[in-house]
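Asks: Sequence:
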Amino acid sequence: MDEFIFGTVAHFFILKLMTNVIAIHHCLTVMKLNATEENVYRAVDALLQMNKVRVTSATVREKLWHHPDFPGLTAVSDVLDELNVPHMTAKLSTDMLSTMPVPALLMLNVDGGIMATVRSVSEGQVEWLHTGEGIRREPVEDFGKKWTGVVLMSEYCEGAGDPEFDKKKRLERQDQFRMVAFAMAAAVSLCGTLFYSPGHLAVEVKAPFFELLVLKCLGLVMSLILVWYNLDSSHSFLRRICQNSQHFNCRSLLESAAGRFLGVNWSEIGLIYFLATLSVMVFSLLSKNVPELLAWLILVNMITIPYTFYSIYYQAFVARRWCLLCLAVQLVLWAEFWVGYHYTSERSLLLVSNVLPVFLIVVPILMLFWWMIKKGLIASLRLPAIEKTIEQLKFDTNYVQALFGKDKYIPAFFEQMKVGKLGNPHANNVLTVVTNPLCEVCAQVQAQIRELIAVTTDVRVQFVFSASPAPDDESGMIVKKLLNLPEAEIPGLLEKWFLLRFLGKSRWLKSINTIPSDHSADHQLALHLGWIELAGISATPALFLNGHELPRLYSVRDVEKLCRIIQVNPDLVRY
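Going by the numbering used here, the first residue of the sequence shown is number 14, and it counts up by one from there.
Hints in this document: simulated from the structure, not taken from any laboratory. Nothing here was measured: the structure is a model prediction, and the numbers come from that model. Watch out, some of these pointers could steer you wrong.
[Unchecked claim] In silico SDA-like pairs for lysine to any residue, Cα to Cα no more than 25 Å straight-line:
#1 K523 with V432
#2 K180 with G162
#3 K65 with S90
#4 K180 with Q580
#5 K523 with S533
#6 K180 with E404
#7 K159 with S106
#8 K434 with D471
#9 K407 with L465
#10 K182 with T69
#11 K104 with T69
#12 K574 with F557
#13 K104 with G162
#14 K182 with K104
#15 K574 with S106
#16 K181 with E404
#17 K181 with G162
#18 K159 with D124
#19 K509 with N437
#20 K574 with L416
#21 K523 with A483
#22 K434 with L547
#23 K158 with D179
#24 K180 with K104
#25 K407 with L563
#26 K509 with A460
#27 K407 with A483
#28 K65 with K158
#29 K181 with T69
#30 K159 with H143
#31 K159 with G147
#32 K407 with A552
#33 K407 with D124
#34 K65 with K182
#35 K104 with E51
#36 K158 with K181
Generate coordinates for the entire structure from the input sequences, incorporating the hints supplied.
Replies: Given below as structure tokens:
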């Protein structure tokens, strides 16, 4: 029974390792910002938070990242437009600093040029956010010497924000809950291990063993956070821990020459140390060599102690900045040393050579494993960069002008051809959608169209249907039912079909069984198919904005941004 319990514990820690690897993969694939981009993102995010705009930090980061002019002021202005935040960019003189509305974004001549968020100006003092060092307060005169005069002013607006804020915030909370649940599961498992340890574990060994086990888990978590921060230093939670003032800055230490040993970051060395020693401890529970393994663990810990002196000396006298997480890891190392000291002071430290192979096998395997996944995962960082390039190309003004400057248009609709209509009938922009009720991608497009109409009144949508005219074809039967409806009712019933399609045609037909069937629907379907053939459309869905076909790299979610580009470029051809 005991072996079964501890086999379960061992499997738990294997799952823990797998979870950690997945977490690292996730943080590696997050969009990586350079120093300038990170500064602009954090300044804009702080501005929106001060204005109480309903938007998540992840959304702000994504919108800025995909803008072709990021990290320029144009990108900031466009993102604020997307979020319906009233704002204005101006160049002011320094004597207007005291009367300027806040919060605001200002360009400063410090650290090579940065964007700063000014929170308040009162009593001759300016309170502002340095995105690398935290909140600062200084006299207006001193601050004015740094200011270039360029300012972006904004104000609170009740309707500003992301329409999907509640949904995205809920997903963020679910992720946080999963982390808390995992931590609780780990704590419960450790307590279970403590109270149901194998009978062959002697009483005098049990206490130091489990004290070290808890310390190893704490060290592993802290090392993982350090590795995470080293890869994604713009994460808001990690910034609060690692970069909350000018005296505490993990990044400046992790990226320095002293933050590496033989080309490997100290955070990664710490991760391997805690993961390897924790693995040895867990699997030693299934053996009868716990005291001997404990002796080797204490010896390995003693080897790490000189590093703590070097790290503290470097932080205190060279960098003159502190890394809180680094100090926490060093505190764990000293706690391990304290446990080992008390254990060895009561008995001699017996280093038995027959357990040495455990270390010689586990440590190289973990190092090789980390080297392999790190290489592959770092390679995956190229994917966000490619995605960013594509997004920037999609909304580049010259590319959009070339796209809408083509002479090729879709043909006009035939006389008496009935099409589904949705949205503001007086909108300047027209989105024509060719769809099929049995097309799965068309179902996704339909959901995106509903989201588009909910956030803009500058787009009206027209639906053209592709289906087989055969009497027994399901798609044809559905389209004919739809074409018997008034034009304004077609989109609603089409959306209802896509929602009920997995329950079969019969349930959907019950909701429209009062609609009469006549031969005019056959004629309408023939008109739709004739128009599709004339337009040269061979697959669904097909999207046309203002008469111009949108390439496959565009989706319905891009239409709102394209319409804004068209609005500020009136020379673009309209439908």
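Asks: Against each hint, give a clear statement of whether it holds in the structure.
Replies: Taking the hints in turn, this is what the structure says about them:
1. A C-alpha spacing of about 23 Å is found between K523 and V432, which places the hinted pair at or below 25 Å, so the restraint holds.
2. A C-alpha spacing of about 39 Å is found between K180 and G162, which places the hinted pair above 25 Å, so the restraint is violated.
3. In summary, the hint linking K65 to S90 is supported, as the alpha carbons are separated by about 17 Å, within the 25 Å threshold.
4. Among the hinted pairs, K180 with Q580 is inconsistent with the structure: their alpha-carbon atoms are about 30 Å apart, more than 25 Å.
5. Taking the CA atoms of K523 and S533, the gap is about 21 Å. The hint holds against a cut of 25 Å.
6. Taken as a hint, the K180 and E404 pair is honoured in the structure, with Cα atoms around 24 Å apart against an allowance of 25 Å.
7. Proximity of K159 to S106 is assessed by CA-CA distance (about 12 Å); at most 25 Å being required, the pair is judged to hold.
8. With a CA separation close to 14 Å, the supplied pair K434 and D471 stays within the 25 Å bound.
9. With a C-alpha separation of about 18 Å, the suggested pairing of K407 with L465 holds against the 25 Å cut-off.
10. With a C-alpha separation of about 7 Å, the suggested pair K182 and T69 falls inside the 25 Å cut-off, and the hint holds.
11. Pair hint K104 plus T69 does not hold up; C-alpha atoms about 29 Å apart against a cutoff of 25 Å.
12. This hinted pair checks out: K574 and F557 have alpha carbons roughly 15 Å apart, not beyond 25 Å.
13. Between K104 and G162 the alpha-carbon distance is near 5 Å, which keeps this suggested pair within the 25 Å criterion.
14. Distance restraint check for K182 and K104: the Cα-Cα separation of roughly 36 Å exceeds the 25 Å cut-off, and the hinted pair is therefore not satisfied.
15. This hinted pair does not check out: K574 and S106 have alpha carbons roughly 34 Å apart, beyond 25 Å.
16. With a C-alpha separation of about 21 Å, the suggested pairing of K181 with E404 holds against the 25 Å cut-off.
17. Our distance criterion of 25 Å between C-alpha atoms is broken by K181 and G162, whose separation comes to about 36 Å.
18. Between the alpha carbons of K159 and D124 the distance comes to roughly 10 Å, so the proposed pair stays at or under 25 Å and holds.
19. This hinted pair checks out: K509 and N437 have alpha carbons roughly 20 Å apart, not beyond 25 Å.
20. Among the hinted pairs, K574 with L416 is consistent with the structure: their alpha-carbon atoms are about 15 Å apart, no more than 25 Å.
21. For a cut-off of 25 Å, the pair hint linking K523 to A483 stands: about 22 Å separates their Cα positions.
22. With a C-alpha separation of about 21 Å, the suggested pairing of K434 with L547 holds against the 25 Å cut-off.
23. Of the pairs offered as hints, the one joining K158 and D179 is violated, with about 42 Å between alpha carbons and a cut-off of 25 Å exceeded.
24. For a cut-off of 25 Å, the pair hint linking K180 to K104 is broken: about 38 Å separates their Cα positions.
25. For the hint pairing K407 with L563, the CA-to-CA distance comes to about 10 Å; that is within 25 Å, so the pair holds.
26. For the given pair, K509 sits about 11 Å from A460 by alpha-carbon distance, which is consistent with the 25 Å threshold.
27. Restraint check for K407 and A483: the C-alpha separation of about 40 Å exceeds 25 Å, so the hint is violated.
28. Taking the CA atoms of K65 and K158, the gap is near 30 Å; set against the 25 Å cutoff, the hint is violated.
29. For the hint pairing K181 with T69, the CA-to-CA distance comes to about 7 Å; that is within 25 Å, so the pair holds.
30. For the proposed pair K159 and H143, the alpha carbon gap of about 12 Å is at most 25 Å, so the pair holds.
31. With a C-alpha separation of about 17 Å, the suggested pairing of K159 with G147 holds against the 25 Å cut-off.
32. Restraint check: the Cα-Cα separation between K407 and A552 comes to about 22 Å, which is no more than 25 Å; the hinted pair holds.
33. In summary, the hint linking K407 to D124 is not supported, as the alpha carbons are separated by about 33 Å, beyond the 25 Å threshold.
34. With a C-alpha separation of about 14 Å, the suggested pair K65 and K182 falls inside the 25 Å cut-off, and the hint holds.
35. With a C-alpha separation of about 24 Å, the suggested pair K104 and E51 falls inside the 25 Å cut-off, and the hint holds.
36. Proposed proximity of K158 and K181 is contradicted: the alpha carbons are some 41 Å apart, above 25 Å.
Hint compliance for this structure: hints 2, 4, 11, 14, 15, 17, 23, 24, 27, 28, 33, 36 are broken, all remaining hints hold.
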